[in-house]
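A.B. asks: Okay, here's what each chain looks like letter by letter:
2 protein chains.
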Amino acid sequence: MREVFQQELQEVQERLVEISGLVAVSIENATRAFHESNVTLAEQVIADDDKIDSLSVSLDELAIDILARQQPVARDLRIVVSALRISASLERMGDMAEHIAQLARYRFPEKVVPKSLRPTFTELGELDVAIARKLTQLLLTEDVTLAEEIRNDDDRIDELHLSVFDKVLGETWKGAPADTVDATLASRYHERFADHAVSISKKVLYLATGDWVGAEA
Amino acid sequence: MREVFQQELQEVQERLVEISGLVAVSIENATRAFHESNVTLAEQVIADDDKIDSLSVSLDELAIDILARQQPVARDLRIVVSALRISASLERMGDMAEHIAQLARYRFPEKVVPKSLRPTFTELGELDVAIARKLTQLLLTEDVTLAEEIRNDDDRIDELHLSVFDKVLGETWKGAPADTVDATLASRYHERFADHAVSISKKVLYLATGDWVGAEA
Numbered sequence: 001m002r003e004v005f006q007q008e009l010q011e012v013q014e015r016l017v018e019i020s021g022l023v024a025v026s027i028e029n030a031t032r033a034f035h036e037s038n039v040t041l042a043e044q045v046i047a048d049d050d051k052i053d054s055l056s057v058s059l060d061e062l063a064i065d066i067l068a069r070q071q072p073v074a075r076d077l078r079i080v081v082s083a084l085r086i087s088a089s090l091e092r093m094g095d096m097a098e099h100i101a102q103l104a105r106y107r108f109p110e111k112v113v114p115k116s117l118r119p120t121f122t123e124l125g126e127l128d129v130a131i132a133r134k135l136t137q138l139l140l141t142e143d144v145t146l147a148e149e150i151r152n153d154d155d156r157i158d159e160l161h162l163s164v165f166d167k168v169l170g171e172t173w174k175g176a177p178a179d180t181v182d183a184t185l186a187s188r189y190h191e192r193f194a195d196h197a198v199s200i201s202k203k204v205l206y207l208a209t210g211d212w213v214g215a216e217a
Numbered sequence: 001m002r003e004v005f006q007q008e009l010q011e012v013q014e015r016l017v018e019i020s021g022l023v024a025v026s027i028e029n030a031t032r033a034f035h036e037s038n039v040t041l042a043e044q045v046i047a048d049d050d051k052i053d054s055l056s057v058s059l060d061e062l063a064i065d066i067l068a069r070q071q072p073v074a075r076d077l078r079i080v081v082s083a084l085r086i087s088a089s090l091e092r093m094g095d096m097a098e099h100i101a102q103l104a105r106y107r108f109p110e111k112v113v114p115k116s117l118r119p120t121f122t123e124l125g126e127l128d129v130a131i132a133r134k135l136t137q138l139l140l141t142e143d144v145t146l147a148e149e150i151r152n153d154d155d156r157i158d159e160l161h162l163s164v165f166d167k168v169l170g171e172t173w174k175g176a177p178a179d180t181v182d183a184t185l186a187s188r189y190h191e192r193f194a195d196h197a198v199s200i201s202k203k204v205l206y207l208a209t210g211d212w213v214g215a216e217a
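First to last, the protein sequences are chains L and Z. Sequential numbering from 1 applies to the first sequence in UniProt numbering. Sequential numbering from 1 applies to the second sequence in UniProt numbering.
Since the hints were derived computationally from the structure, they do not count as laboratory data. We put the CB at the ideal spot given by N, CA and C, even for glycine. Please note that a few of the clues may not be correct.
Claimed, not checked - Once the Cα atoms are required to be at most 27 Å apart in a straight line, the calculated DSSO-like pairs of lysine-lysine come out as:
(1) L:Lys115 <-> Z:Lys167
(2) L:Lys174 <-> L:Lys115
(3) Z:Lys174 <-> Z:Lys111
(4) L:Lys167 <-> Z:Lys51
(5) Z:Lys111 <-> Z:Lys167
(6) L:Lys174 <-> Z:Lys174
(7) Z:Lys174 <-> L:Lys167
(8) L:Lys111 <-> L:Lys174
(9) Z:Lys167 <-> L:Lys111
(10) Z:Lys115 <-> Z:Lys174
(11) Z:Lys174 <-> L:Lys111
(12) L:Lys115 <-> Z:Lys111
(13) L:Lys115 <-> Z:Lys115
(14) L:Lys115 <-> L:Lys167
(15) L:Lys167 <-> Z:Lys115
(16) Z:Lys115 <-> L:Lys174
(17) L:Lys174 <-> Z:Lys167
(18) Z:Lys111 <-> L:Lys174
(19) Z:Lys115 <-> Z:Lys167
(20) L:Lys111 <-> L:Lys167
What the hints assert, rightly or not - What the simulated footprint calls covered on chain L by chain Z, stretch by stretch (three residues with Cβ under 8 Å from a Cβ of chain Z suffice, anywhere in the stretch; the number is not a length):
(21) 55–68
(22) 178–188
What the hints assert, rightly or not - On the chain L side, residues computed to face chain Z include the following (Cβ under 8 Å):
(23) Val73
(24) Ala74
(25) Val81
(26) Leu84
Can you build the whole structure from these sequences, using the hints too?
C.D. replies: Here's what the structure looks like:
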């Protein structure tokens with residue numbers, strides 16, 4: 001029974017890694033679509049989100065099935081409950097990638113953000129992609145140094161997110177209202193994407209170390 | 001054992017109703033703070049969110065404890081897992097109320113939205129408050145007609161949300177970039193608040209009727 005349970009937990013972990021890998025591809029495609037006004041790539045991201053959603057639902061069903069059959073307690077139970085939460089956060093990260101792609105599609109053939117904000121959004125995009133890849137590695141290896149890196153990347157994203165508001169509310173901002181709306185939403189989506197990754201990495205950290213501090217956040 | 005379990009489920013339900021009631025108070029205070037530029041009320045909402053967060057964490061701990069001790073299966077297991085998800089959504093609804101209050105505080109003593117958008121935000125606020133109250137009743141009574149009402153209210157919110165973009169992107173928009181940013185974010189927070197309520201009401205509907213269609217969304 002114990003051995004079956006361990007195999008099932010491994011299956012859960014593999015599926016989380018798979019979904020996280022797809023999220024990493026989606027955010028990479030979404031940020032490329034966003035910067036290159038690539039409507040085909042944007043539509044790819046939007047279509048791929050259905051796959052992420054359905055994998056997430058099916059992982060949830062597996063986790064609930066494991067709860068019913070294996071009746072885990074203590075740490076084993078926490079692992080399965082954490083998997084349900086991580087699945088929900090990955091699903092939301094996929095949604096954020098989709099929202100970024102949708103902005104690119106709505107604005108096509110225009111670029112989504114004016115020149116003055118492009119370096120900021122380039123860095124936001126690169127950081128979100130880096131975070132998604134580190135998250136996939138973290139879920140695979142439970143290497144806790146990655147959780148620390150993700151948190152640092154998120155701190156930088158928060159700075160960039162605030163700098164977007166400074167820019168669009170500053171004296172030199174020449175953007176049209178549409179630019180202001182797009183910059184506001186895109187920045188928010190990038191920031192939320194990273195928040196979910198931090199929240200997941202806290203849960204992995206807890207499972208790896210038993211330190212629950214902040215893992216509920 | 002069965003009787004203890006039923007009592008524990010009732011405890012879970014009562015706590016969900018309690019948190020939902022607090023969320024309803026918060027969104028009411030947040031929308032009042034937003035419309036009246038009432039910074040004291042805004043700070044109240046921000047402080048109250050800590051209480052919502054901590055009640056949500058403690059409900060999660062109770063649910064996990066029930067899973068460990070009672071080892072529920074089938075429908076009973078679904079109820080406990082749904083409670084965990086409902087708790088997470090209520091916690092996010094509290095965050096949305098807090099974000100709306102934060103906009104009011106940042107903008108004080110100015111009003112958050114210009115005159116031309118006030119009727120729209122008044123209606124958005126009233127609908128979110130109505131939704132939160134209906135959700136509390138739904139969690140208490142499992143009266144499924146309330147789920148239908150919440151979905152209709154959410155449809156109207158989606159229309160209003162789109163109309164905010166039409167307005168700020170339209171020819172007649174005279175708002176400063178700060179108005180555009182605030183309207184964009186505030187509208188998004190109102191819309192997300194309602195989305196979470198719809199997601200919760202689908203789960204309650206499933207538990208009341210056994211119809212899982214869409215309950216994962």
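A.B. asks: Evaluate each hint against the coordinates.
C.D. replies: Status of the hints after comparison with the structure:
1. L:Lys115 <-> Z:Lys167: With a Cα-Cα distance of about 25 Å, the restraint between Lys115 of chain L and Lys167 of chain Z holds, given a limit of 27 Å.
2. L:Lys174 <-> L:Lys115: holds, 11 Å
3. Z:Lys174 <-> Z:Lys111: Cα-Cα ~15 Å, so holds.
4. L:Lys167 <-> Z:Lys51: This hinted pair is violated, its Cα atoms lying about 34 Å apart.
5. Z:Lys111 <-> Z:Lys167: Since the Cα atoms of Lys111 of chain Z and Lys167 of chain Z sit roughly 18 Å apart, the hinted pair holds (cutoff 27 Å).
6. L:Lys174 <-> Z:Lys174: holds, 14 Å
7. Z:Lys174 <-> L:Lys167: The hint holds at about 19 Å.
8. L:Lys111 <-> L:Lys174: OK: Lys111 of chain L and Lys174 of chain L at ~15 Å, within 27 Å.
9. Z:Lys167 <-> L:Lys111: Given pair Lys167 of chain Z, Lys111 of chain L holds - Cα atoms ~21 Å apart, limit 27 Å.
10. Z:Lys115 <-> Z:Lys174: With a Cα-Cα distance of about 11 Å, the restraint between Lys115 of chain Z and Lys174 of chain Z holds, given a limit of 27 Å.
11. Z:Lys174 <-> L:Lys111: Roughly 23 Å separates the two Cα atoms, so the pair holds.
12. L:Lys115 <-> Z:Lys111: violated, 31 Å
13. L:Lys115 <-> Z:Lys115: It is violated: about 31 Å lies between the C-alpha atoms, which goes past 27 Å.
14. L:Lys115 <-> L:Lys167: holds, 12 Å
15. L:Lys167 <-> Z:Lys115: Holds. Lys167 of chain L to Lys115 of chain Z sits at ~25 Å (cutoff 27 Å).
16. Z:Lys115 <-> L:Lys174: holds, 23 Å
17. L:Lys174 <-> Z:Lys167: holds, 19 Å
18. Z:Lys111 <-> L:Lys174: Judged against 27 Å, a Cα distance of about 23 Å means the pair holds.
19. Z:Lys115 <-> Z:Lys167: holds, 12 Å
20. L:Lys111 <-> L:Lys167: Answer holds: Lys111 of chain L to Lys167 of chain L is near 18 Å, not above 27 Å.
21. 55–68: It holds, with 5 qualifying residues against the three required.
22. 178–188: With 6 residues closer than 8 Å to chain Z, the segment 178–188 of chain L meets the three-residue bar; holds.
23. Val73: Cβ of Val73 of chain L sits 5 Å from chain Z, so the hint holds.
24. Ala74: holds, 7 Å
25. Val81: Cβ of Val81 of chain L sits 6 Å from chain Z, so the hint holds.
26. Leu84: At 7 Å from the nearest chain Z Cβ, Leu84 of chain L passes the 8 Å test, so the hint holds.
The structure fails hints 4, 12, 13 (numbered hints given earlier, in ascending order).
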